[in-house]
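A.B. asks: Based on the provided sequences and hints, a complete structural model is requested.
Top to bottom, those sequences are chains A and B. First residue of the first sequence: 1, per the numbering used here; consecutive thereafter. First residue of the second sequence: 1001, per the numbering used here; consecutive thereafter.
Hints were generated in silico from the structure; no laboratory data involved. Be aware that a few hints might be false.
Unchecked claim - What follows is a list of derived Cβ distance ranges for each label pair:
1. A/T32 - B/S1116: 45 to 55 Å
2. B/S1084 - A/L11: 30 to 40 Å
3. A/R59 - B/S1028: 22 to 32 Å
Keep in mind the model is a prediction, meaning the values are calculated, not measured. Don't be surprised by glycine CBs; every beta carbon is placed ideally from N, CA and C.
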Amino acid sequence: QITLTQQAESLWVSPGEKVSITCRASQSLLYTDGKHYLSWYQQRPGQTTKALIYHASIRTDGVPTRFIGSGSGTEFTLSIEDVQPEDIALYYCLQTLKKPWTFGGGTKLELK
Amino acid sequence: EVQLQESGPGLVKPSQSLSLTCSVTGYSITSNYWGWIRKFPGNKMEWMGYISYSGSTSYNPSLKSRISITRDTSKNQFFLQLNSVTTEDTATYYCARRDNPYYFDYWGQGVMVTVSS
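C.D. replies: Here's what the structure looks like:
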């Protein structure tokens, strides 16, 4: 199965800063259609899990433009520019290229 | 608006079966794919399986012998059954809709299930 590694379990950030969360795959997530099957999710206590990004770089409806997905092949990044207090959450990457679909271990964004 | 809500017992004894229901409003489960995902203590997430718009299923091989996902289209609900549970199955269980670009766009709040005698 494809392993996704989110190196940082926790990242500390101050409001207004930029932060990057990385996700590394054990094999390329590029399919023959030219798309990467990598998505990003946000989990905040008391709220439903929110999909932020799919196909590595496409924001889902309503997601603020400060959330930016990038990367290709096996290396992917979720960047949050101008971090807001409501961005403090747990973030996961997920690959849906090959079953079993697998998640990264999660990165917790915390306030300095 | 699409909404999903998990329900089921919060405590299951070892060796018994875990049964959960996902009730969907705002969208028919005869479209798209409907999955179960769980989050273990310590935050590891695992995709468990899904049931498709046609009723076909796909399961994580790590669970294949123990898991069953079924549905009741008349009630717009789908179900998870996990047999022979152990304490390792203690987790928060989520149901979610998988959209065509292959990501989970709507999630339930999750239900915490503890396996303990």
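A.B. asks: Which of the numbered hints above does this structure break?
C.D. replies: When the structure is compared with the hints, none of them turns out to be violated.
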